[in-house]
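**Q** One letter stands for each residue in the lines below.
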Amino acid sequence: MSTRLANGGRLLNKARTLEFTFNGKRFKGVEGDTLASALLANDQMLVGRSFKYHRPRGIVSSGAEEPNALVGLGEDARFEPNQRVTTTELFDGLTCASQNHWPSLEFDIGAINAKLSRFLPAGFYYKTFMFPRPFWKHVYEPIIRQSAGLGRAPRDRDQDSYEHFYAFFDVVVIGGGVAGLQAAKAAGDAGAKVLLMEQTPHWGGRAPVDGGTVDGQPVDKFVDGIVSVLETMENVTLRRRMMGAGVYDHGYLLGYERVNDHRPDASGPRHRLWRIRAGQIVTATGAIERPICFSGNDVPGVMLASAVRDYAVDYGVSIGDRTVVVTNNDDAYRTAITLKKLGLEIPAIVDTRASGGGALAGEAIELGIRVENGKGIARVKGKKRVEAVEICVQAGEGAALEEIRCDAVAMSGGWSPIVHLWSHCGGKLLWDEEKAMFRPDVDNAPTGADGQGFVRCAGAAEGHLDLADVLNGADAAGKAAAQATGHTPKRSKVPVADNPKEAGIEPVWLMPQGAGVKLRMKAWLDYQNDVKVSDVQLAAREGFESVEHAKRYTTLGMATDQGKLSNINGLAILSDALGQPIPQTGTTTFRPPYTPISLASIAGEARNETFQPLRKTPMHRWHAENGAYWEPVGAWRRPYCFPKPGESIEDAVQREVKATRDSLGLLDASTLGKIIVKGPDAGRFLDMLYTNMMSTLKPGRCRYGLMCNENGFLMDDGVVARLDEETFLCHTTTGGAESIHAHMEEWLQTEWWDWKVYTANVTEQFAQVAVVGPKARKVLEKLTDDDISAEALSFMGWTDVTFGTIRARVFRISFSGELSYEIAVRASHGRAFWDMILKAGAEFDVTPYGTEALHIMRAEKGFIMIGDETDGTVIPQDLGLDWAISKKKDDYLGKRAQERRHMSDPTRWKLVGLETLDGATLPDGAYATAQGNNANGQRNVQGRVTSTYHSPTLGRGIAMGLVLNGPDRMGEVLEFPKVDGTVMRAKIVEPVFYDKDGEKQNV
Amino acid sequence: MLILTCPCCGVTAEETEFHGGGEAHIKRHGPGSSDDEFHGYLFEKVNPKGVHFERWRHANGCGKWFHAARCTVTLEVFGTYSAQTTEPPQDIKDRISARRPGWSWREFA
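Heads up: the protein sequence lines correspond to chains A and B, in order.
Everything in the first sequence is counted per our numbering, starting at 161 for the first residue and increasing by one.
Everything in the second sequence is counted per our numbering, starting at 24 for the first residue and increasing by one.
One or more of the hints may lead you astray.
[As the list claims (entries may be wrong)] In silico DSS-like pairs for lysine-lysine, Cα to Cα no more than 30 Å straight-line:
1. Lys1047(A) <-> Lys87(B)
2. Lys275(A) <-> Lys678(A)
3. Lys1055(A) <-> Lys72(B)
4. Lys50(B) <-> Lys916(A)
5. Lys916(A) <-> Lys1049(A)
6. Lys678(A) <-> Lys287(A)
7. Lys678(A) <-> Lys541(A)
8. Lys287(A) <-> Lys275(A)
9. Lys87(B) <-> Lys72(B)
10. Lys588(A) <-> Lys50(B)
11. Lys678(A) <-> Lys500(A)
12. Lys188(A) <-> Lys544(A)
13. Lys212(A) <-> Lys275(A)
14. Lys916(A) <-> Lys1047(A)
15. Lys818(A) <-> Lys1047(A)
16. Lys1047(A) <-> Lys838(A)
17. Lys68(B) <-> Lys1049(A)
18. Lys838(A) <-> Lys72(B)
19. Lys838(A) <-> Lys50(B)
20. Lys297(A) <-> Lys916(A)
21. Lys50(B) <-> Lys1049(A)
22. Lys1048(A) <-> Lys116(B)
23. Lys999(A) <-> Lys942(A)
24. Lys1055(A) <-> Lys87(B)
25. Lys87(B) <-> Lys588(A)
26. Lys1047(A) <-> Lys1156(A)
27. Lys1055(A) <-> Lys68(B)
28. Lys501(A) <-> Lys381(A)
29. Lys999(A) <-> Lys838(A)
30. Lys87(B) <-> Lys776(A)
31. Lys174(A) <-> Lys501(A)
32. Lys1049(A) <-> Lys818(A)
33. Lys858(A) <-> Lys1147(A)
34. Lys212(A) <-> Lys287(A)
35. Lys942(A) <-> Lys818(A)
36. Lys501(A) <-> Lys678(A)
37. Lys588(A) <-> Lys501(A)
38. Lys1055(A) <-> Lys838(A)
39. Lys87(B) <-> Lys916(A)
40. Lys838(A) <-> Lys942(A)
Simulated from the structure, these hints should not be mistaken for lab results.
Using the sequences and the hints, build the whole thing.
**A** Pasting the structure below:
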């Protein structure tokens, strides 16, 4: 069993006890524990079930690479699934629960899958859920969804806050082990502005656990010393609990700081996402120990040798009383020696190397530990806990030589440098045959804007496993990074390290080398995804030869740990199956983030009101106070209608239309785009932008215009007013204000840059009110002495008018078919003017109306709406707008495109009105069916509805639509099937339903 | 995320401050052009591996369009220059030649 030792625990403060619960059971830990060490101290080795076979799984590592020990952490608004116990600091009151089992961790029905494992090989889902096709949706999908995913998603809204932080440094060092500390010191000494981040709460990395000396003192003393020096340096920023999450183009770097995870009651953000620009990045991210693939290597109690050592030294926890160490390198001997010195039993060190280890092996033998060279583990015995191992010859097929009773196995398959951050932005890797590892190819670094490398590596991340090499390389990397950012490194001596000389590693990808299929089917490569040696070999046999394909077929290296433990072993097995060297197989792509980061940290402060700023017109408050039912239009909120108490939305809209047509309506049109185009070439420029002629427009007059893109498609429309000889005011749609202004600027700056034109988007500088209805002139005449008679201000004219003290520009234009004035005043006068009209209009029963009434009135008049009648594939000719396309102009944007064959095709669908036979309203977007089926077996179609409303004016449904040969088919009846299976019938009519001759707007 | 320098206002800024606008140095073909010319102008954009010329707009800054010469493989930026030109300036071409001898792009080399 695992237990807390009487002595040891470098990182603990045993004086302070912390209470926590796991699956409802109360446990005690101490300050300084991780959740993993505290669980192990309480003999809770079993922490979860594997994804596919629901096998019992225990803690296997002591760090970020942990694949098994994932828990749901916290409760309610603080619940978070899939949290690694190895990186979770214990705090008082922590609650957590294991995942992926039912009904309980100890007894899990899903474990039946393990019995069926020979029927669940690699690619099982792909092979099983293919046929028959009709089963996809209702049979297979529910099955797959039921078994998918580890932890469950949180239900409650996250109660914590998160923030982004922008930072700029010359040199950022990722990893606060001895390499990172030395690199930061070297760069800092040169005067560079340095950030050093460490993902754990402790400086020094794993070197203090591994032993050796620096400058004659123990490593932890060296660490204390260098940290205290760095803390005094003003140009160096130190951050613990901060992970380098990803390296991106041109030195962009994400740092993920877990500010308050370990003290949930503290104030401030929980996580902080640092968005960093670094001149140079030094990755001192260390290395990850590899497991060894032998049968039963997933039984709880089998652990990485380094993790066993960490728990003993850092947390005073023994994983078992009798630990068998199995290794192919010297490093694991440190674990054996450490445990032995703590008084624990090491029944044997099983070393696969026939020639045995170096100095450390000698030390182990001196301590009386039995060392078996050239041997391996054939299989582990035990289900929820290691009970014994069978020893065999590594070169053989796994015949048991001897069974050794033990309750823990410490394994080491060698070390893999953490090359993730080096690789994120394109750093290349080399296969180092001697060290059996992929390490950074330092001559092929990720390059920045200047074409020079901007990432360097230090320490084990660079491939150095010897302490002296680590410190020398780190010092050089720190100095080089400082130099590359324009600083002059100081000449300083590198601290001198002393460490036992190690014998070389002999790679072991399968144990024993000739393991038969029975052993291979229990030799796990990827613990999290239940991928075995036999699965990868099957994938290779079935033709998934690319490592990326094999990954996706077997799920090797997927999910939350992204194969930190499994990737190298997996691609080695794949290479062997394909009979090719490892570098030829290569690695899968390393993608950010290094370990999962919270979605909330990515969102940062952008939640609720701050997610997107809301645009408000000057009259917004009046709308809100008068019961506006809002419609989002871009970032604006516009009133859809103003329902009275007890009135439905539909009734309110119908009332607003009627009141406007009968007497007087009022619309807040302030969101309409307003762009000033000015200059000697303004007319010429607008002639290119609009399909019709704008240069001939007289000052004081307005003209409706269409704007197409260079593809010929209609993109915006609006009324252009000529203010003076050189100045035009272009109205755009609400949504088009910014994009049309950008469109104008693009052509002015990149094509006609010699034309003398200036544009300004003045949308927000003006409030605009449409005063609409038969009483419109009457109400305005009450408010001004200026002449706004039909003669002085005729239809499609504009003039300056003063209303009391408010100066206004009055455009006599109509989007409703009524007598209508659109009145622009300074934004600061908008609300006052709105109130003035409301007061003066009381006697006419003035009725503010919203966007839906606006839509109905324009549809009754057959006016198109950008986004309804157009969808990016419609040209003006489709909409019967040929009258607005100048025949006199040589050129305008879209003209050439509209001459293309498809654009002039007479069978393009064209705009018509649609009148249902029974007066009902057609569904929006409904299609008119035609005879026969298309190649996909779907009904042929001959048209579709683009706008459809119930018209209060006509008391019936009206619609517009695009129909094949529509204008030539007046009176024909089309069929529109509805989603409920019934069919509506509608007659093709003219698109203008109301006041065809325009008598109402022309009074 | 790239860092670019706007040649108009001189600001060096994050990619989020800019907006990409596709290939640079495209010649507009309007009415009177052949179908092939017009098709080429609208749709035939190059997507080279290596040296590329692009349009960018300093959208969240001075609002001006400019051109960038860039390597699409290494993301090296050879330089940015005014959009108000029909071909890359000589100093930009020289800088590319120094870094990528023998380069060519459309009719430029």
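**Q** Evaluate each hint against the coordinates.
**A** So, going through the hints one by one against the coordinates:
no. : hint                      : in the structure
1   : Lys1047(A) <-> Lys87(B)   : violated, 33 Å
2   : Lys275(A) <-> Lys678(A)   : holds, 14 Å
3   : Lys1055(A) <-> Lys72(B)   : violated, 34 Å
4   : Lys50(B) <-> Lys916(A)    : holds, 21 Å
5   : Lys916(A) <-> Lys1049(A)  : holds, 20 Å
6   : Lys678(A) <-> Lys287(A)   : holds, 23 Å
7   : Lys678(A) <-> Lys541(A)   : holds, 14 Å
8   : Lys287(A) <-> Lys275(A)   : holds, 19 Å
9   : Lys87(B) <-> Lys72(B)     : holds, 27 Å
10  : Lys588(A) <-> Lys50(B)    : violated, 39 Å
11  : Lys678(A) <-> Lys500(A)   : violated, 34 Å
12  : Lys188(A) <-> Lys544(A)   : holds, 23 Å
13  : Lys212(A) <-> Lys275(A)   : holds, 11 Å
14  : Lys916(A) <-> Lys1047(A)  : holds, 25 Å
15  : Lys818(A) <-> Lys1047(A)  : violated, 39 Å
16  : Lys1047(A) <-> Lys838(A)  : holds, 25 Å
17  : Lys68(B) <-> Lys1049(A)   : holds, 29 Å
18  : Lys838(A) <-> Lys72(B)    : violated, 42 Å
19  : Lys838(A) <-> Lys50(B)    : holds, 26 Å
20  : Lys297(A) <-> Lys916(A)   : violated, 61 Å
21  : Lys50(B) <-> Lys1049(A)   : holds, 21 Å
22  : Lys1048(A) <-> Lys116(B)  : violated, 43 Å
23  : Lys999(A) <-> Lys942(A)   : holds, 11 Å
24  : Lys1055(A) <-> Lys87(B)   : holds, 26 Å
25  : Lys87(B) <-> Lys588(A)    : violated, 37 Å
26  : Lys1047(A) <-> Lys1156(A) : holds, 25 Å
27  : Lys1055(A) <-> Lys68(B)   : holds, 21 Å
28  : Lys501(A) <-> Lys381(A)   : holds, 21 Å
29  : Lys999(A) <-> Lys838(A)   : violated, 37 Å
30  : Lys87(B) <-> Lys776(A)    : holds, 27 Å
31  : Lys174(A) <-> Lys501(A)   : holds, 21 Å
32  : Lys1049(A) <-> Lys818(A)  : violated, 42 Å
33  : Lys858(A) <-> Lys1147(A)  : violated, 41 Å
34  : Lys212(A) <-> Lys287(A)   : holds, 16 Å
35  : Lys942(A) <-> Lys818(A)   : holds, 23 Å
36  : Lys501(A) <-> Lys678(A)   : violated, 38 Å
37  : Lys588(A) <-> Lys501(A)   : violated, 42 Å
38  : Lys1055(A) <-> Lys838(A)  : holds, 24 Å
39  : Lys87(B) <-> Lys916(A)    : holds, 16 Å
40  : Lys838(A) <-> Lys942(A)   : violated, 34 Å
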